[in-house]
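Residue numbers (the working numbering), protein chains in the order written: chain S, 193 to 506; chain B, 200 to 519.
No lab work stands behind these hints, which were simulated from the structure alone.
A quick note: this is a predicted structure, and the numbers were derived from the prediction, not measured.
A few of these clues could be false.
Claimed, not checked - Result set (EDC-like, lysine to aspartate or glutamate): computed pairs, CA atoms no more than 20 angstroms apart in a straight line:
#, chain 1, residue 1, chain 2, residue 2
1, B, Lys307, B, Asp267
2, S, Lys382, B, Glu500
3, S, Lys382, B, Glu442
4, B, Lys507, S, Asp447
5, B, Lys435, B, Glu370
6, B, Lys321, B, Asp249
7, B, Lys508, S, Glu232
8, B, Lys439, B, Glu456
9, B, Lys366, S, Asp274
10, B, Lys508, S, Glu383
11, B, Lys321, B, Glu281
12, S, Lys278, B, Asp267
13, B, Lys366, S, Glu383
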Amino acid sequence: MNWISNYVRPKINSLFSRREVPENLWTKCDNCGQMLFHRELSNNLNVCTNCNHHMPITPRDRFTALFDGGIFTEVAVPRPIDDPLKFRDQKKYPDRLKAAQKQTGEQEAMLVAEGEMGRTPIVAAAQDFSFMAGSMGMYVGNAIIAAAERAVELKRPLILFSAAGGARMQEGILSLMQMPRTTVAVQMLKEAGLPYIVVLTHPTTGGVTASYAMLGDVHIAEPNALICFAGPRVIEQTIRETLPEGFQRAEYLLDHGMLDRVTSRTEMRDELITITRMLMQQPPPVIADLPAPAEIESGAEVADLDPPSEPEKA
Amino acid sequence: MTNYLDFEKPLAEIEGKASELRALARENEEMDVEAEASALDQKAAKLLTDLYVNLTPWRKCQVARHADRPHCQDYINALFTEFTPLAGDRNFADDHAVMGGLARFDDKPVVVIGHEKGNDTKSRIERNFGMARPEGYRKAIRLMDLADRFGLPIISLVDTPGAYPGKGAEERGQSEAIARSTEKCLQVKVPVISVIIGEGGSGGAVAFATANRVAMLEHSVYSVISPEGCASILWKDAEKMREAAEALRLTAQDLRELGVCDSIIEEPLGGAHRARDVAMQAVGGTLRTFLSELTPQSGDELVSNRRKKYLAIGSTGLAA
Chain S
193 MNWISNYVRP
203 KINSLFSRRE
213 VPENLWTKCD
223 NCGQMLFHRE
233 LSNNLNVCTN
243 CNHHMPITPR
253 DRFTALFDGG
263 IFTEVAVPRP
273 IDDPLKFRDQ
283 KKYPDRLKAA
293 QKQTGEQEAM
303 LVAEGEMGRT
313 PIVAAAQDFS
323 FMAGSMGMYV
333 GNAIIAAAER
343 AVELKRPLIL
353 FSAAGGARMQ
363 EGILSLMQMP
373 RTTVAVQMLK
383 EAGLPYIVVL
393 THPTTGGVTA
403 SYAMLGDVHI
413 AEPNALICFA
423 GPRVIEQTIR
433 ETLPEGFQRA
443 EYLLDHGMLD
453 RVTSRTEMRD
463 ELITITRMLM
473 QQPPPVIADL
483 PAPAEIESGA
493 EVADLDPPSE
503 PEKA
Chain B
200 MTNYLDFEKP
210 LAEIEGKASE
220 LRALARENEE
230 MDVEAEASAL
240 DQKAAKLLTD
250 LYVNLTPWRK
260 CQVARHADRP
270 HCQDYINALF
280 TEFTPLAGDR
290 NFADDHAVMG
300 GLARFDDKPV
310 VVIGHEKGND
320 TKSRIERNFG
330 MARPEGYRKA
340 IRLMDLADRF
350 GLPIISLVDT
360 PGAYPGKGAE
370 ERGQSEAIAR
380 STEKCLQVKV
390 PVISVIIGEG
400 GSGGAVAFAT
410 ANRVAMLEHS
420 VYSVISPEGC
430 ASILWKDAEK
440 MREAAEALRL
450 TAQDLRELGV
460 CDSIIEEPLG
470 GAHRARDVAM
480 QAVGGTLRTF
490 LSELTPQSGD
500 ELVSNRRKKY
510 LAIGSTGLAA
């Protein structure tokens, strides 16, 4: 270290705008290490174009790709009371929440929306793993109840994308109570005769798997997603043996009868359209039936300036 | 031989001294130790009161897990007649961590289901320490269906560290079994009453404890995660379980305030294991009250009230 590297170089660096070399231009695949051009990666829904590894995607980006023309309307979720237990570990719970809100730009760990998918009206809910590990607390419970109520009101199917490390410990027993609460939400859909389709994404664990994520009419998982009740580390500590290759991954669960299908994210939308239309007794979708409906509902949100994603060309 | 918990050590010493004195007196008839021994008894009684009057959450966890605490089997023997265990999930196996069957409570037929932890090394292993596998939950679902079909109230006795985290349990769908069991609790058109008699460990407890009425023994606990588990995740140190137990608000008293528990059943001084019959009869009294409140309700009312109860949970928090 000398004065040139300590003082002069930072000064020189600061003279050049950082914007000339934007970060995130390239992303390295977590799995194969391939450098992927950012736009190419996001156009492929964060699925590695080299090895088909599924990287995380935010609920907003997912909905943009899911709904026709990227147009959807958010369904309001009743806000639960703040910090019901006055929970404090090394940090205060409200501080952890604020940090997560700042980091993600989202209010909480689930986004609920209504709109059309391949001209099929649906309600969708997606869990946000980047928000406190997607953990299921009172907000997530309220979101699922709101989604189910809206679906029943509009007589639409509910498609739920799960992703969570489990229950939100900072809400103690009240997070655990979301297991029965969300189960009531699922029952509302079933009694109304509406399809409830669960798309299990990486990772879906703990109390989330042991409630609404395993009560779907159809269970579809993304490739290689970890889906379990107890995580592999807990099990290894309990039984003191190494677990088989691919244990608790989507393909393993498919083999053990817990899932209907494992489907790549890039093909998920078409598959969801096919399935929901059959369950709703609607005619088959017409290829290239897009772009989206002309009317945009008031308050609708155009979440992306990119051109709408085209359906797969036959 | 009483098993003492770590915080009861001073008590163990005094009670030990008193019984030693009495043993000496029995051998040696001229010795009169009664005055001294009863002074020790009084001292012990006072200490016991002091220890239990304000039990910390972590100590409550210890009492809830006490080896001598009455377990499911004990309650069934004490409170029910004609207990007829029914076994198996008709699918894969019979899970010994979950016991259940037909029985009579006050001569009326009911279905009783509960976690059994076992009371010595052999039975603990056989019962898998009260940690159920998917077969246990599927057996419970089957029994709840049976109750529903024949209009029998369901009584569940919850006492589990949690669902078993094992390879086979995962492969056979632990999550799905728990989810379906919770769903079944919410569907049946008969009264569902649950008593947390010891540990209510996370999803493994919810699967049985989703009920019209939930009672908790005074020193039982019910939590989303064990204090040790919470401490190792949030404090990165499993030894911080005291802090975690405090923060999680897992005591019957806190859960009553949060509306998760409907009623607290008082325990004898020093915990249910010190006067097992008293504790078990107190549970019987609560079951009687709940049944008389619920039996007049129609099947549809029971289902809709149960749902409303769960949807309303979380509307009030704890005072600072």
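Now the hints, each set against the structure:
1. Lys307/B - Asp267/B: With Cα atoms ~30 angstroms apart, Lys307/B and Asp267/B exceed 20 angstroms; violated.
2. Lys382/S - Glu500/B: Holds. Lys382/S to Glu500/B sits at ~19 angstroms (cutoff 20 angstroms).
3. Lys382/S - Glu442/B: violated (42 angstroms)
4. Lys507/B - Asp447/S: violated (38 angstroms)
5. Lys435/B - Glu370/B: violated (29 angstroms)
6. Lys321/B - Asp249/B: Distance ~35 angstroms between Lys321/B and Asp249/B Cα, so the pair is violated.
7. Lys508/B - Glu232/S: The hint is violated at about 49 angstroms.
8. Lys439/B - Glu456/B: Not satisfied, since the Cα-Cα distance of roughly 25 angstroms exceeds 20 angstroms.
9. Lys366/B - Asp274/S: violated (38 angstroms)
10. Lys508/B - Glu383/S: Measuring from Cα to Cα gives roughly 19 angstroms; hence the hint holds.
11. Lys321/B - Glu281/B: violated (26 angstroms)
12. Lys278/S - Asp267/B: violated (34 angstroms)
13. Lys366/B - Glu383/S: violated (34 angstroms)
Hints 1, 3, 4, 5, 6, 7, 8, 9, 11, 12 and 13 from the list above are not met by this structure, while the remaining hints are.
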